[in-house]
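Peer 1: These protein sequences, in sequence, are chains A and B.
Just so you know, the first sequence maps onto residues 1 to 482 in my numbering.
Just so you know, the second sequence maps onto residues 1 to 482 in my numbering.
Keep in mind that the hints were calculated from the coordinates and are not lab data.
Here the structure is a predicted model, which is why all the values come from computation and not from measurement.
Fair warning: there could be bad hints in the mix.
Residues from chain B that face chain A, not an exhaustive set, calculated with beta carbons under 10 Å [what the hints assert, rightly or not]:
id: 1; residue: Arg-121
id: 2; residue: Cys-399
id: 3; residue: Thr-463
All C-beta atoms, glycine included, are put in the ideal place defined by N, C-alpha and C.
2 protein chains.
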Amino acid sequence: EEVAKLLELKAKLNEDESPQAGSQKFTLKTPKGTRDFSPEQMAVRSSVLNKIISVFKKHGAETIDTPIFELKEVLTGKYGEDSKLIYDLKDQGGEILSLRYDLTVPFARYLAMNKITNIKRYHIAKVYRRDNPSIARGRYREFYQCDFDIAGAYDAMIPDAECVKIVYEILEILGMDQFVIKLNHRLLLDGLFEACGVPKDKFRSICSAVDKLDKSPWEEVKREMVEEKGLSESVADQIGEYVQLNGKEELVEKLLKDERLTKSKSAVEGLEAMKLILHYCDIYGTSDKVSFDLSLARGLDYYTGIIYEAVLVGGDASGDPESSVGSIAGGGRYDNLVGMFDSKHKQVPCVGVSIGVERIFAVLEAKYAATNTKIRTTDIQVYVATAQKNLVEERMKLCRQLWDEGFKVEHSYKKNPKLLAQLQHCEEYSIPLAVILGESEIQKGVVKLREVTSRAEVEVSRTQLPDEIRKRLQNYCLNGSA
Amino acid sequence: EEVAKLLELKAKLNEDESPQAGSQKFTLKTPKGTRDFSPEQMAVRSSVLNKIISVFKKHGAETIDTPIFELKEVLTGKYGEDSKLIYDLKDQGGEILSLRYDLTVPFARYLAMNKITNIKRYHIAKVYRRDNPSIARGRYREFYQCDFDIAGAYDAMIPDAECVKIVYEILEILGMDQFVIKLNHRLLLDGLFEACGVPKDKFRSICSAVDKLDKSPWEEVKREMVEEKGLSESVADQIGEYVQLNGKEELVEKLLKDERLTKSKSAVEGLEAMKLILHYCDIYGTSDKVSFDLSLARGLDYYTGIIYEAVLVGGDASGDPESSVGSIAGGGRYDNLVGMFDSKHKQVPCVGVSIGVERIFAVLEAKYAATNTKIRTTDIQVYVATAQKNLVEERMKLCRQLWDEGFKVEHSYKKNPKLLAQLQHCEEYSIPLAVILGESEIQKGVVKLREVTSRAEVEVSRTQLPDEIRKRLQNYCLNGSA
């Protein structure tokens, strides 16, 4: 009977296992354009994001979150041609939904829906674009955006100048201190096109041609304007005179005296705004990295005022002067977006900046790889090891004591692990201290405390152990050795 | 001509605004079963998650991330009946994708795909279920999961006991100290069904009936077993004798002497495992909250060993003894899931726990609402205010100085805000200190430093200001007053 029962049980177990057998007939992969993040990648990401968040908080930002998907209608008509890149959810009966394409449109929807007229918020979250992924160039279909925005009817350029300050502080704190923050103004661009005689219906397409000046020489951009966009050569040449200019206050002053430009009210308004923000940048101590750059156009239709973009220059943080990652942050003022969601079209003026964290992650990962930098993925301070067999309970008792003292501690999940394997684990995970227990130590009421890097060991009594560990960890933090 | 230009410009501006006019014809809302999180909600969430993460890190956990969607095939056949709740993406040409339903299946896919055989990781992220949302009961279609798992072939109950310790530490650190962690074992349940004469094909359905014992009295569960699931009354009564038991080691000892039960090899194995984990709980100092509970069954098919569930008891943290939130963490061992993704069915044994963070958030939000607790949503330490007009640049200079000293500082984005409005902002956001600048202060090279709560003001010289602020912030942190 016993045997029968066992056979029955075995049959049952096999039955339970049957769904596994042969169920895995597809290639194991993540969806196209997406990836998993390993503990090392996550460690780099958290360290970068924590630094960025510290700057946002230094400036009083709150944070919000919105769902990963929105009603499809919320996204409709906000992204122009790029709308084709939006991920839709299947119609499973109910609402028609799409994955968010950026964080700005959900933010505007949030403000309008909750009738919020003032907020300073950051939002760090993933967005989704069915783009052609270019893994080599670090372009994915799922990626982080990291946005800071100030919403509210305030006075000219005060929040705008603080956004510049925030970009400045973030790039400094990340150690990427070779950068330029380019500034321009939508009204100036519009005014300049007007003054040069561009037909109004071509403003946007000429704007997007100008936007390519950071990658292409003027001759190529001019050819696009004339041959593809049908501008006369003389108009293109006039535009060329302006958009190749960059400088500081003195350039603003010069342009304010330009007869052609100052015929456009819009251009003058833009120039006055530039003058003010450059003055504020001076006060905020960001002028050394700021450049008034007439070639900066930025693609998005919804900008209405100041636009900015930070680019890494020269030898970038990866140590490789040739690996130009280009734009690493950008943004601008968009005063009309929230009104698109309000039934009475009530506007909430906004200005904001998006930090290109994916590029920053890529630059840092390349740098760490090039310099063979080891990245710690855990915070463990003390590893509890045993030198002989049958001491697992002694290890557990000591771990408990150290956890209860607040230390970050781990030990092997094997009953009788080899001492060498335990010590190798410490080195692999860069754990600063190991406590080694053997039978003789247990009898004497002591432990061996080992500095993992130097491999130096001292005997410490059990009662003194917590203080001794604290002392050594303090040294370790100060000098990098326990 | 000037007028014509202006009219033209005006026409253009109106044109630019046209997409807004009348474009918003739908109700502004988030998708069914989802919601936005306000700064207050986010503050509660980050504070809870940071505490939980600190416990995970104390035990050496790394973190990983996986995409929000998976190939549909990855999720197929993992959730039984609940598969109908999976969100599918629209087929836009390319792979067929679904939003993740939990974090465990993506974790198993990650391990198999990367051939990882050992890892201790946590993963906090949102998951998606097309469930019938019950906002009143805090059930949403988009919600956080917060998982900790130990993967690897280790010795019996060592990682399992640490999971219990982690749940224990998390609930303590969150101040939810009235809880019980119920433990049971899948092999014991199977063995007990076997010993009582339940037909094998009814194990799972009887198991799910037992699972209801935390909400329904035995009489009702028995009725379900007999009337709905076709068990004979005598078999049900036998089951009833066992599943209403709970206790500690002494119950294990008693059951190990039970003649009916010990005929099942599976039951004996389960009991021996329970004995070991209870012993380890003793060593880890968690026994006072641990209960061996034979009614604990847990729904998921993939558990193969220990199962556990933490429940809040008595007066819960909300201060309302009647608001029973029930299960607040749960998990167990699942040794066969990773093998389902491996082409050679190579197993990676896993044990893990999921912290019910959404319930924890709900309990804390209810508690804060009931006690009128004010939640700070920013970290601002100093607000820079001006007492007269035309001092915005003076404010900006001082902000810059304080930012550069590392303080968290903000000021009004209005040029000439009213002093009262500025001070009200400080009170609204619980900012501890305000620095007030007026013309006379500027001339004398001093500022007024104001403690916002007490409204006490002192005059401080500009050079002494940073030290004075530091001193007061230290007091503020220690005593809650600046």
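Peer 1: Would you mind marking each hint as holding or not holding in the structure?
Peer 2: Now for the hints, and whether the structure bears them out:
{"no.": "1", "hint": "Arg-121", "in the structure": "holds, 7 Å"}
{"no.": "2", "hint": "Cys-399", "in the structure": "holds, 8 Å"}
{"no.": "3", "hint": "Thr-463", "in the structure": "violated, 18 Å"}
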